[in-house]
Amino acid sequence: MSAWSRPPLLFPVSHTTTEANRTGAWRFARPVFRPKTAPCAAACPAGIDIARVEMFAARGRLHEAWQTIARENPLPAVCGRVCFHPCEAACNRAQLDAPIAINALERYLGDAALAAGTPLASFDAPDLGRKVAIAGAGPAGLAAACFLARLGVSVEIFEAAAEPGGVLRWGIPAYRLPKAVLAREIERILALGVGLHCNRAVDQAFLAEAAGRFDAVIIGVGFSAPVRLHIPGEDRVADGLDFLRRVQTGQTEAPRGEVAVIGGGNTAIDVARTLLRLGARPVIVYRRRRRDMPAFIHEIAAAEAEGVRIETLLAPVGVAADAGGVRLTLQPMRPDQPGGDGRVRAVPAGQAPTVRHFAAVFSGIGAEVGAFWHRPADEAETLRLSHCALRLGQHPIAYVGDPVTPANSVADAIGSGKQAALALHTLFTEGPRAVARALQDCRVGPGPAVSLEIYQGAERAGRASRTVAFADINTDYFPVAARRHPSALPPGRAAATFDETLEALAPGEALAEAGRCFNCGVCNDCDNCRIFCPDQTVQAVRDGRRIDLDYCKGCGVCTVECPRAVLEMEEESA
Amino acid sequence: MRQVLEGSHAISEAARLARVQVVSGYPITPQTHIIEALSQHCADGTLAARFIPVESEHSAMSAVIGAAATGVRAFTATSSHGLALMHEMLHWAAAARLPIVMGEVNRALGPGWNIWMDQSDSLAQRDTGWIQLYCEDAQDALDTTLIGFRLAEAVNLPVMVIIDAFYISHTYEPVDVPEQAAVDRFLPPPNPRFRLDPADPKSLYPMVGPPAFMEMRRSLQDAMEVAEAALAQAAAAFKTEFGRSCPPIEADGCEDAEIVLVTTGSITSTARLVVEDLRARGERVGLCKLKLFRPFPAEGIRRVLGRAPRVAVIDRNVSFGVGGIFAQEIRSALCSLERRPPVFSYIVGLGGRDVPPETIAEIYRSTREAAAPDPESRWVGLNPELMGAAAR
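Protein chains in written order, with this note's numbering: chain A, 13 to 586; chain B, 41 to 432.
The hints are simulated quantities; they were obtained by calculation from the structure and are not laboratory data.
Beta carbons: idealized from backbone N, C-alpha and C, even for Gly.
There's no promise every hint is true.
As the list claims (entries may be wrong) - For each label pair, taking beta carbons as the anchor points, the in silico distance ranges come out as: (1) A/D488 <-> B/P424: 49 to 57 Å; (2) B/A239 <-> A/R554: 22 to 30 Å; (3) A/R554 <-> B/P151: 55 to 63 Å; (4) B/G106 <-> A/Y489: 23 to 31 Å; (5) A/R554 <-> B/P250: 50 to 58 Å; (6) A/T35 <-> B/Q80: 39 to 47 Å; (7) B/S243 <-> A/A552: 46 to 54 Å; (8) A/A552 <-> B/Q43: 44 to 52 Å; (9) A/C538 <-> B/P214: 20 to 28 Å.
To be verified - Rough simulated footprint, nothing fancy, chain A against chain B, three-plus residues with beta-carbon under 8 Å: (10) 161 to 174; (11) 241 to 249.
Using the sequences provided together with the hints, build the complete structure.
As structure tokens, this is what we get:
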């Protein structure tokens with residue numbers, strides 16, 4: 013064996029760290045960590061931070077997911093059942109496969125919080141020493157009460173009925189919204205310190221008296237008068253809403269045989285499905301086409317599956333007494349050019365009216381304002397916001413709910429109550445001139461809804477108002493996955509009971525469904541930015557990610573690999 | 041302990057016993073079993089190493105380069121197209137003087153697609169600065185891998201341990217697997233001469249211009265020049281610990297042979313049978329098994345073959361336009377001698393074609409009967425029918 017010595021090593025090594033070479037100087041564009049608004053949140057009338065809700069839910073952090081909902085909407089288990097979920101129509105995921113089942117997830121989280129007995133966060137606001145009276149314990153009044161209480165305002169609700177809830181209590185049937193669920197979500201609002209006085213109808217005398225005792229009054233009594241048909245014999249038509257109310261208070265009787273329900277909205281559907289459960293054979297009679305029915309598509313489908321018949325292009329023109337029931341005269345209609353509201357009008361088709369015998373006729377065409385003072389007068393000093401109106405005089409009055417909302421939905425009512433609460437808080441703390449601006453500043457992206465979290469200046473206040481488009485999503489990270497559906501009672505069984513027709517998502521299904529969410533514009537700590545940065549310039553900080561601009565060369569890899577458009581490139585200014 | 045192992049697992053067992061700290065790799069037939077076994081060990085906790093999954097062999101080599109630069113013992117394995125894809129980083133690993141060990145399973149490159157034995161892949165990397173060690177069987181593969189780590193760390197050069205596709209990689213043989221304690225004595229934890237250290241941040245390998253580049257390359261050549269002696273020392277230590285030899289060139293009966301056959305890889309085992317048979321019939325035939333190809337052991341070749349009347353080199357590879365690569369290198373080593381033995385060059389067994397004893401016997405016969413070597417390598421066993429078809 014020949015002797016050998018260690019061979020030389022000759023290669024270059026720097027004398028010091030290369031940190032001295034600030035390669036960030038090469039950059040002409042920089043990545044910016046900029047959380048954005050998800051389209052679902054902008055579409056939600058209650059302004060829920062849905063993308064973040066699903067982000068928490070997908071990670072099994074159900075408590076935080078629920079708190080994120082409840083911060084903006086104190087009725088998650090209710091809305092998870094009855095909301096018309098415009099969020100899902102706006103969901104970017106629809107362009108990949110199918111929208112996230114946001115509504116079903118809201119119910120899942122709402123039910124989980126009820127089961128756990130989780131209270132609403134009070135946010136420990138200091139007592140402002142102000143008192144507000146709220147007329148009406150419907151969703152708008154309850155929401156206003158909740159948000160005012162959270163902002164340190166004393167609240168008392170005056171409700172004409174024996175129990176709170178309004179349309180949720182009296183209008184929506186139990187098979188869509190079990191009353192125990194409603195009662196427990198209302199209790200939770202009252203637990204914030206809200207006073208409730210039932211059997212206390214509010215009238216103008218009360219308003220005059222309240223002006224002295226309260227710093228402001230909120231009027232949220234909803235629509236209390238049925239819409240009239242204006243046809244001969246109308247007194248023989250039963251009021252559908254009144255029928256639903258009586259069923260809630262224990263009525264179990266319904267006419268036998270074929271019953272006509274006039275209308276095409278959700279009230280008509282609710283009346284028909286309730287009649288069916290009480291043994292009648294309901295037929296919905298609608299003046300326009302089926303596709304023009306304002307009721308939710310899934311409600312129409314459920315009604316038909318249960319056995320409700322729907323006849324369209326028939327307008328009621330007269331009602332008369334008949335042996336064992338009524339004679340309903342129906343005019344065949346045909347669709348015509350759209351009217352001023354953009355909806356296709358129906359005009360008589362030219363055929364002669366037909367006369368049909370029914371055991372009874374119910375109207376299900378909704379309700380309208382019950383008294384002139386339930387809505388704001390056209391006064392110059394009235395500030396009109398998207399979902400409420402404020403009379404900012406010496407005795408401020410806020411109008412909320414159906415008379416002032418663009419759509420008459422539960423979510424719109426909640427958004428309305430919240431808007432009024434934030435407006436009154438600003439009025440109390442900063443004066444009347446600050447209200448419009450403050451409410452503008454806490455809007456969720458370009459949508460009309462306002463956010464308590466943004467109003468409070470918390471994390472969400474840092475989001476850009478721009479909504480994330482489907483094209484902004486890096487879909488490489490999202491394999492196609494089927495949407496999860498809650499199971500439903502078989503229609504035959506559903507039609508025989510007031511048990512809830514839809515079941516909750518199973519736990520594993522719920523988490524998997526939440527995991528389908530793109531989390532548009534909301535960082536979920538996936539850390540792709542940090543992993544892919546070739547220069548290790550991305551650092552995790554408390555509220556997101558920081559880019560070390562001394563070394564970031566502006567390659568943009570992080571913005572491409574961010575699946576959810578939180579990071580974006582911005583040109584360097586010269 | 042004696043175990044029945046396939047050749048791939050002889051290498052992975054050696055890497056496990058060497059307590060490698062970082063393993064990276066990308067699957068390719070017929071190498072996959074090596075990396076698969078090590079990733080399983082990492083997953084099971086039977087090897088305290090970090091397995092870095094990557095998307096290509098180029099990245100696998102990059103990953104072990106990064107790891108080795110921090111001073112840890114790093115291992116990878118590949119074959120054929122995978123090795124070709126690593127080519128750029130092979131140069132880098134060597135000039136960066138990183139003691140990486142790589143298992144390399146000889147396999148043909150396409151087209152046509154062929155997963156079988158052929159030395160063209162590793163020989164195409166002969167100029168990258170890697171030490172190349174060819175193995176005859178599974179035991180040889182295990183021993184060579186262990187020695188490879190010691191050699192690599194002694195001279196700061198990467199080492200390729202090369203086995204035949206299927207003939208070794210997928211064939212089960214009895215293998216003596218040493219005890220961990222013995223391996224730990226033979227192969228203590230790495231003691232790197234340099235390493236990246238966050239406590240003393242520096243950048244390795246920045247730009248080197250014309251004033252220093254030649255010197256940097258000369259230092260690599262210097263390392264190669266001592267590598268053969270370092271291998272001998274490692275092999276001696278190995279023999280002390282485990283009792284088995286692992287010479288760079290093994291000569292069997294070459295001193296008085298009329299014809300010496302030169303072989304590499306598993307063909308050596310086949311040739312041993314043929315040589316035994318020929319000797320029994322009175323033929324004077326020697327066998328020279330070449331393990332070390334880079335650095336090329338020219339001195340040893342001259343010593344073993346210099347006085348042989350005839351040398352027949354069996355190449356399972358081809359350098360197109362020249363011929364068998366081992367023959368070419370052996371001729372080059374012998375050409376400085378005053379009296380040079382004629383070197384007969386044979387090309388056999390490309391793309392996994394079997395090389396049975398009859399083929400080696402035919403090579404012997406042909407070498408004995410020829411007046412002088414052909415000017416070019418002779419391809420043994422071509423199918424005349426196919427060749428005729430090609431001509432048409």
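Next item on the list: Could you check the structure against the hints above and give me the numbers of any it violates, in ascending order?
Entry: 7, 9 and 10
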